[in-house]
Amino acid sequence: MALFEIFDPKASPRPIGIDLGTTNSLVAYVRNEHPVAIADCDLEVLLPSVVAYLPNGEVVVGRRAARLASEHPRDTIVSVKRFMGRGADDPETRRLGPYVFVAPTGTEANTVRFQVAGPRVVTPVEVSAEILRALKGQASDVLKSVGPAVITVPAYFDDAQRQATKDAARLAGLEVLRLLNEPTAAALAYGLAKRQNGTFAVYDLGGGTFDVTILVLDNGVFQVRSTGGDSQLGGDDMDRAIAHDLLGALGFDAAHQTPQLIRMVLDEARKAKHALSDTERVEALVPGERRLEITRARFDELIRPLLERTGVACRRALKDAGLQAGELDGVILVGGATRVPAVRRYVAELFGKEPLGDIDPDQVVALGAAVQADLLAGQGRRDDVLLLDVIPLSLGIEVGGGVVDKVLPRNSTIPCAARATYTTQEDRQTGFEIHVVQGERELVADSRSLARFTLGGIPPMPAGVARLEVTFQVDADGLLSVHAKELTTGVEQAVTVKPSYGLDDAAVERMLLDALDHGEEDLARRRLVESRVEARRILGATRKAIAVDVDLLEPGEAQGIEAACAVLERAASQEEPGRIRAAIEALDDATKKFAARRMNRAIAQAIEGRRVESVEKEVEHAKGIERAHAT
Amino acid sequence: MDPFETLGIARTFDIDLAAVERTHRDLSRALHPDRYVAASPTERRAALGKAIEVNEAWRIVRDPLRRAEALLALNGVAVGEDREPPGDPEFLADMLEQREALAEARSARDLQAVRRLAHLVQQRLRDAEAELSRGFARGEVRPLLKRLGEARFYRRFLDEVSAIEDELAA
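Note that the protein sequences, when read in sequence, are chains V and W.
Per my numbering: the first sequence = residues 1 to 631.
Per my numbering: the second sequence = residues 1001 to 1170.
Bear in mind the hints are in silico, worked out from the structure with no lab data behind them.
Just so you know, these numbers come straight off a predicted model, no measurement behind them.
Please note that the accuracy of each hint is not assured.
As the list claims (entries may be wrong) - Calculated lysine-lysine pairs in the BS3-like style (CA-CA distance at most 27 Å, straight line):
#, chain 1, residue 1, chain 2, residue 2
1, V, Lys592, W, Lys1050
2, V, Lys353, V, Lys319
3, V, Lys593, V, Lys544
4, V, Lys485, W, Lys1050
5, V, Lys319, V, Lys406
6, V, Lys593, W, Lys1050
7, V, Lys166, V, Lys406
8, V, Lys406, V, Lys485
9, V, Lys144, V, Lys166
10, V, Lys592, V, Lys485
11, W, Lys1050, V, Lys166
12, V, Lys592, V, Lys544
13, W, Lys1146, V, Lys406
14, V, Lys406, W, Lys1050
15, V, Lys544, W, Lys1050
Just need the whole structure built from these sequences, with the hints factored in.
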């Protein structure tokens, strides 16, 4: 379908923002400079993040799937986000639902696998892709042509979880402009609506994750100072706390808890939680047609330990930002769970001020994502808006004795890179094992393992002579790549970190082929279309750059660039994606030096602008003193 | 790379952090990848490289210890733990003791004791930073290497304290 959209001359593709949530997901876009959420045919904006696999092979997403959950608990995946980027052997996954898990065999990636509807096996990436596909469908009903997407992730998502999200989007046939951190997206929605400068905390308690972000808004720049949270804490845990309480009161022990029973009680618990936001007491209908009363006081007591956990993360984020709670200008609430009155009270107490919640906390993230998509796709004209985000967790390398050497500290502004050098421990060592870990602890055993790879082919040398340089680079999506090089011999190897708990590229490619009706053929056509679009974009950008900075061109340079442009134009009118690629690379080469000069000019202008401003301030200041003396 | 030059500021230990943060923000405005989504691949790469450089400079300059390392390196003093002389045996023995006390407090889940230990080391880190500031102002850089080495130990200790605090509070 995407193919026809691109060629449809009447409808230009509209960029979209997607909040892929634990409990609910939604899609938004910018209409007349304002972000709006897109409703489905029932006029509902929130799509429950539930996917049901029926015995006849049908896949159902959303409200209908949610209704099937209690009847088919094992074939209906709810809160799949909590499984993203997790290992099959992760004990945490067992706790999370009544599913049947399948262990990976042979060379299969170490990722969670659910067995659903008989023999079918699906991964969290595939389940998430179903949700994304449903949202894309919802958007295309309204927009005719769906463009690229910004998809939000919790700020505290680690590398494996981010990669899994991106894979799911690829599988759903969405072009991803950017993975955007949820709190930053929320701040964008608020900041643009209010046009306020200052320092803000975003308290984001979603269905399954908690994030807190401290950021500075300064004339359109949204700079994240620090971020913290817990990727396994959310509104679902409140449901679980109530359900646990109910099952206890009913006298069910673990042995008698069937999947159906758990599902049913969890649903009742969720209803009770929602009702308790408005009333003081509620009755839950539990199995055996019994009714149990839950008071708001009991509920508050049950969730207090969960709130305390969010408090720890908030205090840490404030400390990392070098701030006291009193220095904040405001606190923004995000996530459906912040509707709970006890949560609002807790936040007000923690930060010493009443939180802001005037944009719907369920929608604010998707609205912010739509704004960012609009900006990145070049449709928005808010040239002065920019997000500067950070990495949530430190990245490091295992060194001798199972100790972590932190290469990039948490809260480093992205994109970023850092190098570190190591040496061999043993004589005649011909390979280095590189183990990449994420987290704040000193010992590898307490950290999350991201990837392992070996740099081999080093000639035997005495211990301590070889010098291994490892470079970490994190792009604007927060995704890590690692590059290793032995400096004395020049042996090198680059890897985009294949998460220890994820699918490799080949697996995603296979799923992609399976999902397309005509596999290979469609893929080839898609490549041609994509490279043509790319060629047109680059030609436009190059000509614009020449027009703006014509004085930076050296004699003869313009002719070389123009010739490369002509070659690319010709290639784009033909049918071979390979030739288009080659022509793009040739144009790339021809503009390399020119691009470097343009970058230096941009830097000089940025620093110069600052100097001019500070001189102006000094002059103002001097004038003030003069006036003071004169009077 | 000279991070001070990248940010267009003077090579000093004492800096106006708020002003440097604003400069970093201005440079980001000019260089962030989001500004080059529609540019050619060459320009995107060039901008990405510069944005990374600017962010690295800011990461170094905002942190007193990394800033001190950079200043020493620019003064021709070899820095990096494998190239610096080892610390005094007395200092190392003392740190080892503090470490053991921290490990004990952790296994006893004694948050108060953890915080007491952290408070002492925090004070020593502040003293070391003040000494770095004075030393750089006087231009006597070489003796600062020892202070820097000690400050690194304090920093690592405090990082571990943070992680333990989270663990015990959770």
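Against the structure, the hints come out as follows:
{"no.": "1", "hint": "V:Lys592 <-> W:Lys1050", "in the structure": "holds (14 Å)"}
{"no.": "2", "hint": "V:Lys353 <-> V:Lys319", "in the structure": "holds (18 Å)"}
{"no.": "3", "hint": "V:Lys593 <-> V:Lys544", "in the structure": "holds (16 Å)"}
{"no.": "4", "hint": "V:Lys485 <-> W:Lys1050", "in the structure": "holds (22 Å)"}
{"no.": "5", "hint": "V:Lys319 <-> V:Lys406", "in the structure": "holds (20 Å)"}
{"no.": "6", "hint": "V:Lys593 <-> W:Lys1050", "in the structure": "holds (14 Å)"}
{"no.": "7", "hint": "V:Lys166 <-> V:Lys406", "in the structure": "holds (26 Å)"}
{"no.": "8", "hint": "V:Lys406 <-> V:Lys485", "in the structure": "holds (18 Å)"}
{"no.": "9", "hint": "V:Lys144 <-> V:Lys166", "in the structure": "holds (24 Å)"}
{"no.": "10", "hint": "V:Lys592 <-> V:Lys485", "in the structure": "holds (25 Å)"}
{"no.": "11", "hint": "W:Lys1050 <-> V:Lys166", "in the structure": "holds (26 Å)"}
{"no.": "12", "hint": "V:Lys592 <-> V:Lys544", "in the structure": "holds (15 Å)"}
{"no.": "13", "hint": "W:Lys1146 <-> V:Lys406", "in the structure": "holds (21 Å)"}
{"no.": "14", "hint": "V:Lys406 <-> W:Lys1050", "in the structure": "holds (23 Å)"}
{"no.": "15", "hint": "V:Lys544 <-> W:Lys1050", "in the structure": "holds (21 Å)"}
Checked against the numbered hints listed earlier, the structure breaks none of them; every hint is satisfied.
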